[in-house]
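2 protein chains.
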Amino acid sequence: MPKTRRSYKQLEFFFSPKSVAVIGASNEPNSIGYALLENFLKGGYCKGAGAACPNVFPVNPNHPEVQGKKSFASVKDIPEEIDLAVIAVPARFVPQVAKECCQKKVKAVIVISAGFAEVGEAELTRELQKVIDANPQTRFLGPNCFGVFVAETGMDTTFSARQKMVLPKAGNIAFMSQSGALGITILDWASTQEFGISKFISYGNAMDIDEADLLEYLANDEKTKVIVMYIEGVKEGRKFLRIAKNVHLKKPIVVLKGGVTEEAHKATISHTGSLAGSSEVYKALFKQTGMVQVSDLIEMFNVSKILEGVSVLPKGNRVQIITNGGGYGIITADQAVQKGLGLAQMEEKNREQLKKIFPKTVSLNNPMDLVADADKKRYATAVETALSDKNVDMVLVLILWNTPGIDDGIIDELVKLNKEAKKPMVVVSTGSDYTYQRRKALERGGVVTFSYPSVGATALKALWDYACAKQRLFKEK
Amino acid sequence: MPKTRRSYKQLEFFFSPKSVAVIGASNEPNSIGYALLENFLKGGYCKGAGAACPNVFPVNPNHPEVQGKKSFASVKDIPEEIDLAVIAVPARFVPQVAKECCQKKVKAVIVISAGFAEVGEAELTRELQKVIDANPQTRFLGPNCFGVFVAETGMDTTFSARQKMVLPKAGNIAFMSQSGALGITILDWASTQEFGISKFISYGNAMDIDEADLLEYLANDEKTKVIVMYIEGVKEGRKFLRIAKNVHLKKPIVVLKGGVTEEAHKATISHTGSLAGSSEVYKALFKQTGMVQVSDLIEMFNVSKILEGVSVLPKGNRVQIITNGGGYGIITADQAVQKGLGLAQMEEKNREQLKKIFPKTVSLNNPMDLVADADKKRYATAVETALSDKNVDMVLVLILWNTPGIDDGIIDELVKLNKEAKKPMVVVSTGSDYTYQRRKALERGGVVTFSYPSVGATALKALWDYACAKQRLFKEK
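So the protein lines, in turn, are chains A and B. Residue numbering for the first sequence follows my numbering, starting at 45 and increasing by one per position. Residue numbering for the second sequence follows my numbering, starting at 45 and increasing by one per position.
Isolated chain A, as found in the complex (with noise of 0.2 Å):
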């Protein structure tokens, strides 16, 4: 097998092919073949102006014409040159179709069909698996997934329905997934939060394309800044290894491993046929190569979210927080600390100093409390003093907004202090659309912001292990 010819440029195909075979594509709504071909054509990407539009061309030898367009029988009978094939058959003839890509030299493949390994099909599997293996100038991505989406050009060969679902706005975030479904709700989700999505991939069962592939393409991707990734089990560990200890020192890797209690683990067997090892191997793997692991959807997103947003990394884990509610700096305190974060004590002629300005009703201990009558100057005074003392490595703003003494004008100053920032800085704002809005103010000018303390300083905590593991795998070079 010529595996050496293989290499992730050839994945460009995937993301911006210019001519694509849509295999199983139906006249018949409700049915995938028919979501894939419609989702394709109505997409972004089949409206982009010159050159970016591809030409599509239909495969079904049942009938003459598919949604409008010239059907053809088979891959082989099409007179251009294929850069991607979306196939979308019975699993039984994915075989065959697969072989005839291969013969069109077609530079891309995904196999959405599912119907292999996770259902114990280990014949057909094996079939497959011949095809791809004999051809490694074409790549396939799958089978048993939901292929890739592309949100600066709208590229997609996604199935699911778009009347239930939007699709997240054109960002710095790559997600990458081995469950198809999981991936697309993740999509979902992600349009309503505040951060972009580059690219998505959802590859299922990794018969030739693996996660560390795709680790290695997207390491290469220029509007890619965060790789996230949701994994049941690796491919070949050692490439995996290999790939992401130098991807990781490129750019953060967050990791949400499925199946990462023995219980859960058995069913991920089942799902993608994964044959993967216990979930301690892969707590070992992904503290080798330093990769954040995350346990939940929220935490996901949160922890790539500061990964994208905050330009700079901290030098130590002393967080100083700052706020306009006492126990609302409590809990966060309590959460900082829990999540292994510690609370710097600030430099004395600091406190001193501020001692003298602020009236006495405020606490300058860790959290300091400016409490409920402050206004932006007494926050932009100590959020100015905590990102300037030495015993302060991130510093985490929490904002009242329905305080009497808080207005608009913290926005411009929060935002200013935050570009000069040489150390990271946070806000975290619980609240209902008032509170919201001032969020969105303060992303819009480039500060990272938070809904709950929980999250806020899991994700200071993620930023902090980043740096740590950055440090490490570039000592170890």
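Hints are not guaranteed to be accurate.
Chain copies aren't distinguished; within one or between two, either way the pair holds.
[Claimed, not checked] Dumping the calculated EDC-like pairs for lysine to aspartate or glutamate here, alpha-carbon to alpha-carbon at most 16 Å:
1) K383 <-> D340
2) K467 <-> E428
3) K208 <-> D477
4) K208 <-> D452
5) K149 <-> E125
6) K383 <-> E306
7) K404 <-> E165
Derived from the structure by calculation, the hints contain no laboratory data. Fair warning: this is a prediction, and the values are worked out from it, not measured in the lab.
Given the coordinates of chain A, work out where chain B should sit on it, guided by the hints.
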């Protein structure tokens, strides 16, 4: 000190006073005394029909009128009986004003003013304590608090800026907070959630009425099904333990303790002046009372929500997960196990029966994966079987709403099954607005739903903990 004359029944005057004096009411916009009176007058309580509508008397010696109402120099000058007085004058005047309230035989006094033990004002604190101790017929809430809010009637003594927050709808969750600002934030945030509030009480330094008194009152409040509390410390440990145990037998108590870490604990002392014990002491206290201890805001309300919404308690901790997304099921199973739940093993006969009906792509393990083409019928069959299975104590249904098989018909099916269920069942769905609307429809039908697997698992675990605690407390009685 005639302490014995005090009773939780006196507290009624804080929640449905017929006559109210606002001491320190002001004509100065942006002052606390202004916002207090304005919020109160504009709130629903003063617009209530007939008897519910109270007489309101501003007290301010410097103005003949405040906000268009005749003002009195002292509460003693008011020609009517006063049920409730709200004090918002500078701290140094509070002992004198409090004494006048007692002379006037005011039944309930809320001291909004801050500046006592929490800032080290020992002398002023002693003076106020003397007044409180000498007058058991007058009950005091505060000082350093936001007072009360009753969602159903609109009775509202808080002073936060109404244009900056939304008050939550009426419901059955009572919330009491030692911290005023955090309390207000939670009120505002609660308005964005699918549950309602019965009574909100910010009790600050708790110089007279403490958390135990409030627990006793709320235990007897028929509008309240679940009691949620944010506390930094407990005034009298033994009294609290005795009352909390009794209350918890009647209705669940959820507690968020600020200062559970030693580091944050130090800050609580300066916040509400609590001479609180170590976090270990509290953990033991909560364990003895059986209270459900939560660690952050997200957990706090989701746990309250399940305790309010689910009408049957589980008989064991074995949960059956049913999903139409494999990975989604696996991360949920991980969460369930990590939170301390067991994964149920359904009876062999039930599995065999389902095996006959379902396509072979369906995985009958736990999580039970109904796969992407699952429709309402497959879901209904699976959920009904799990609900009747002897080895299943709770059912956690995961739904991805954007798969081709799912339509809105599933809502009625689940509502019906939930109504008849003899064990707890919840639905978890992650997504954007389309998904959220379906969750809301389920909630209207009485099904408890959550946005994230981690939250759903935490909530079910809390339900199980409450069931255990209740059983233990019952046996101890």
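Evaluated hints:
1. In this assembly of identical chains, K383 and D340 lie within 16 Å of each other by CA distance both inside one copy and across copies; the values are 15 Å within and 12 Å between.
2. Taking identical chains as interchangeable, the C-alpha atoms of K467 and E428 lie at most 16 Å apart only when both belong to the same chain, with a minimum of 11 Å there against 55 Å between chains.
3. For a Cα distance limit of 16 Å, the shortest separation of K208 from D477 across copies, 9 Å, qualifies, whereas the shortest one inside one copy, 24 Å, does not.
4. With identical chains, the CA atoms of K208 and D452 are at most 16 Å apart between copies only, with a shortest distance of 11 Å across copies and 36 Å within one.
5. Taking the shortest alpha-carbon separations for K149 and E125, only the intra-copy value of 8 Å comes in at or below 16 Å, while the best inter-copy value is 93 Å.
6. In this homomeric assembly, K383 and E306 come within 16 Å of each other (Cα to Cα) only across copies, at 14 Å, whereas the closest approach inside a single copy is 24 Å.
7. In this homomeric assembly, K404 and E165 come within 16 Å of each other (Cα to Cα) only across copies, at 11 Å, whereas the closest approach inside a single copy is 73 Å.
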